[in-house]
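Colleague: What follows is each chain in one-letter form.
There are 2 protein chains.
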Amino acid sequence: MPCPAPRLIALASPDDPRIDAYRVIKERDLVGRGGRFIVEGRTVLDVALSPRNRFRLESLLIAESRAAALAPLLAQAPADLPIHTASQEILDGITGFHIHRGLLGVGLRGEEPSAAELVASLPERALVVMALGITNHDNVGGIMRNAAAFGADAVLLDFASCDPLYRKAIRVSVGGSLVVPFAREGNAATLLDLLVAEGFELLAFSPAGETKLKDVVAAPRTALMVGAEGPGLSAAVMVRARTVSIPMAGGFDSLNVATAAGIALYHLADL
Amino acid sequence: MPCPAPRLIALASPDDPRIDAYRVIKERDLVGRGGRFIVEGRTVLDVALSPRNRFRLESLLIAESRAAALAPLLAQAPADLPIHTASQEILDGITGFHIHRGLLGVGLRGEEPSAAELVASLPERALVVMALGITNHDNVGGIMRNAAAFGADAVLLDFASCDPLYRKAIRVSVGGSLVVPFAREGNAATLLDLLVAEGFELLAFSPAGETKLKDVVAAPRTALMVGAEGPGLSAAVMVRARTVSIPMAGGFDSLNVATAAGIALYHLADL
Chain A
1 MPCPAPRLIA LASPDDPRID AYRVIKERDL VGRGGRFIVE GRTVLDVALS PRNRFRLESL
61 LIAESRAAAL APLLAQAPAD LPIHTASQEI LDGITGFHIH RGLLGVGLRG EEPSAAELVA
121 SLPERALVVM ALGITNHDNV GGIMRNAAAF GADAVLLDFA SCDPLYRKAI RVSVGGSLVV
181 PFAREGNAAT LLDLLVAEGF ELLAFSPAGE TKLKDVVAAP RTALMVGAEG PGLSAAVMVR
241 ARTVSIPMAG GFDSLNVATA AGIALYHLAD L
Chain B
1 MPCPAPRLIA LASPDDPRID AYRVIKERDL VGRGGRFIVE GRTVLDVALS PRNRFRLESL
61 LIAESRAAAL APLLAQAPAD LPIHTASQEI LDGITGFHIH RGLLGVGLRG EEPSAAELVA
121 SLPERALVVM ALGITNHDNV GGIMRNAAAF GADAVLLDFA SCDPLYRKAI RVSVGGSLVV
181 PFAREGNAAT LLDLLVAEGF ELLAFSPAGE TKLKDVVAAP RTALMVGAEG PGLSAAVMVR
241 ARTVSIPMAG GFDSLNVATA AGIALYHLAD L
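Residue numbers (UniProt numbering), protein chains in the order written: chain A, 1 to 271; chain B, 1 to 271.
Some hints here could point you the wrong way.
[As the list claims (entries may be wrong)] Chain B is faced by these chain A residues, among others (derived, beta-carbon under 7 Å):
#	residue
1	F55
2	A67
3	A149
4	F150
5	P247
6	A249
7	F252
8	L255
9	T259
10	G262
11	I263
12	L271
[Stated by the list, open to error] In silico DSSO-like cross-links for lysine-lysine, where the CA-CA straight-line distance does not exceed 30 Å:
#	chain 1	residue 1	chain 2	residue 2
13	B	K212	A	K212
14	B	K212	A	K214
15	B	K214	A	K212
16	A	K168	B	K168
17	B	K214	A	K214
Honestly, the hints are just simulated from the structure, not real lab data. All of these numbers come straight from a predicted model, not from anything done at the bench. For glycine and all other residues, C-beta sits at the position ideal for the given N, C-alpha and C.
Okay, chain A solo, but in the shape it has when bound (with noise of 0.2 Å):
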């Protein structure tokens, strides 16, 4: 099937205000808030522009140079979306640093529902993960990356933890931040009387954890719990829960908590 030609919009000025909301990417970086968000790169893009996406697009800003190379992805963009196109030069007067992906887009994060609206709207049967404590953005995009790829049903985050919708917790969840419904409010102990309220199942992983995960049978509603790496999960979370731990072999510490947190989805998601 042929593609339908995109419909570019050309810039002239790093200036012009149509692209006002792609200026200072990096004060937007350290805020993480505002309503809007960035997504950059192509295989999130393929994400964000297709039905999987549960955010509303605002525009696309491309380099003229890849306008040809994009033109199939861009062709499933919805007919009213800006996309407009400028130099690199031009590019880089924008966003204050170069864009090597040559690819950004705006979203809107629209009406966020609360973790209980969150939990409330979860099916019956239901695979929840939920971190706590975790300040690395790598580390919650991998985190949504994994709960993306099997299939869970929401991700729960303390108000420690990142926004999943940070540029860099964006791009490394390749798009899974845009897919898997989510919210992060509070703390440890209000999102835990939270799940129990709604009759989950609360497994809290740990080096120490006292089942091995290969004996766990999930529950109907499971929710997985993980903490920062180092510190791990607070005792006020461990006896609210079944501890389960992943076994390592003698002596090496421990797994990155996104790949723990695959291992538990891998295993609890029986897919």
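Following the hints, position chain B against chain A.
Modeller: Structure of chain B alone, referenced to chain A:
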């Protein structure tokens, strides 16, 4: 047990010849060879100073300000290991970038076994990871970390893959690169020949794999093979192996390659 005071050598100049190996680390990064490698950060040093480290350290270089906090760790160092200390200003002058972890070391590669020597040295029951075309340092580091966590006996990498002793790969491996025997040479065909001749069952991991991972029982000698994200393993590799998939939820592309290796190792190592 009280810790003996570490033997510190205070430096007064970034040009001190005793720390020549630390100069121009960025060049070393690019080359990645030369008989030496750089380790950095407390977690990696912990492994580097443990009996699990297969390599000899040549020296350490730490920020004066961290000497007290690191004393218990440094007490594990061999008596003849020079431990240099310097002000942050001098450190910055030595290495050309700010060492925010305040802790560097130089290791010696020593005699490196060929792939054939490494495979010949393996026990009767052995689990090997084979990484083909993995050019990303984070992914090679992640594979080395997971190989260490699950007690893989060796990692074979083709020459297209990056060096596990590259600075960033060591850091991401949290020392796994120092622990698991590896060889990096040749291409897929030569490495496959070697493993087949030594009686290994070859498992080729791919989303298109015919057997689900959970249905695989590890043979006494098993080699699990992973390729670069995106292209994956070549057809030439796939036809020579049993192809294995890690089932994923509909529509989501794929796992990170190091995570996939971690899940495969979790299942096959059966700890």
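Colleague: Look at each hint and say if it fits the structure.
Modeller: Evaluation of the provided hints:
no.	hint	in the structure
1	F55	violated (16 Å)
2	A67	violated (22 Å)
3	A149	holds (5 Å)
4	F150	holds (6 Å)
5	P247	holds (4 Å)
6	A249	holds (3 Å)
7	F252	holds (5 Å)
8	L255	holds (5 Å)
9	T259	holds (5 Å)
10	G262	holds (5 Å)
11	I263	holds (5 Å)
12	L271	holds (4 Å)
13	K212(B) with K212(A)	holds (22 Å)
14	K212(B) with K214(A)	holds (16 Å)
15	K214(B) with K212(A)	holds (16 Å)
16	K168(A) with K168(B)	holds (18 Å)
17	K214(B) with K214(A)	holds (11 Å)
In terms of the numbered hints stated before, the structure departs from hints 1, 2, listed from lowest to highest.
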